[in-house]
Amino acid sequence: MCRRVIKLSYQKPKSLREGSVELNEHGGLSQTIEKHLQKYFKAHGGELPPPNLYKRVINEIERPLLSISLNATNGNQLKAANLLGLNRNTLRKKLTEHKIKFNKK
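In this note's numbering, the protein residues as written are 12 to 116.
Be aware that one or more of the hints could be misleading.
Stated by the list, open to error - Here are the simulated DSBU-like pairs of lysine-lysine, each with C-alpha atoms no more than 30 Å apart in a straight line: (1) K90 <-> K53; (2) K53 <-> K104; (3) K90 <-> K105; (4) K50 <-> K66; (5) K112 <-> K53.
Said to hold, decoys possible - Cβ pair distances, simulated, as ranges: (6) K104 <-> P62: 21 to 29 Å; (7) K90 <-> L64: 19 to 27 Å; (8) H47 <-> N87: 24 to 32 Å; (9) A83 <-> E45: 19 to 27 Å; (10) N87 <-> P60: 31 to 39 Å; (11) L89 <-> L59: 19 to 27 Å; (12) E45 <-> N114: 18 to 26 Å; (13) P62 <-> K90: 21 to 29 Å; (14) G57 <-> K115: 49 to 57 Å; (15) F52 <-> N85: 22 to 30 Å.
These aren't lab readings, by the way, just hints derived from the structure by calculation. For each residue, glycine too, the CB sits at the ideal point set by N, CA and C.
Work the whole structure out from these sequences, hints included.
Written out as structure tokens, the structure is:
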């Protein structure tokens with residue numbers, strides 16, 4: 012059997028390469044979040060943070076992710092939903108929950 016190897020190259024958009032958080036295959040964003048969470052736990056001294064930490068963290072990340080995705084697609088909710096891997100109705104629900112609106116310029 013003959014095997015073919017196809018190499019694909021992808022250049023990250025300039026905004027991602029030069030941003031304050033480097034995104035790469037080695038988990039740059041994940042590492043940044045981990046550092047912030049470690050600081051958050053340390054800020055509580057020897058005590059645990061208040062309950063519902065998971066929900067608070069997800070809400071902190073979800074809002075800017077939705078907003079930036081909507082801006083990147085020029086307010087097109089269908090494109091933003093596809094970008095995020097969400098159903099359009101789920102995206103609309105989340106936009107309403109976070110009170111995110113897009114105003115075309």
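Practice task
Check each numbered hint from earlier against the structure, then list the numbers of those it violates in ascending order.
Solution key: 1, 2, 5, 7, 11, 12, 13 and 15
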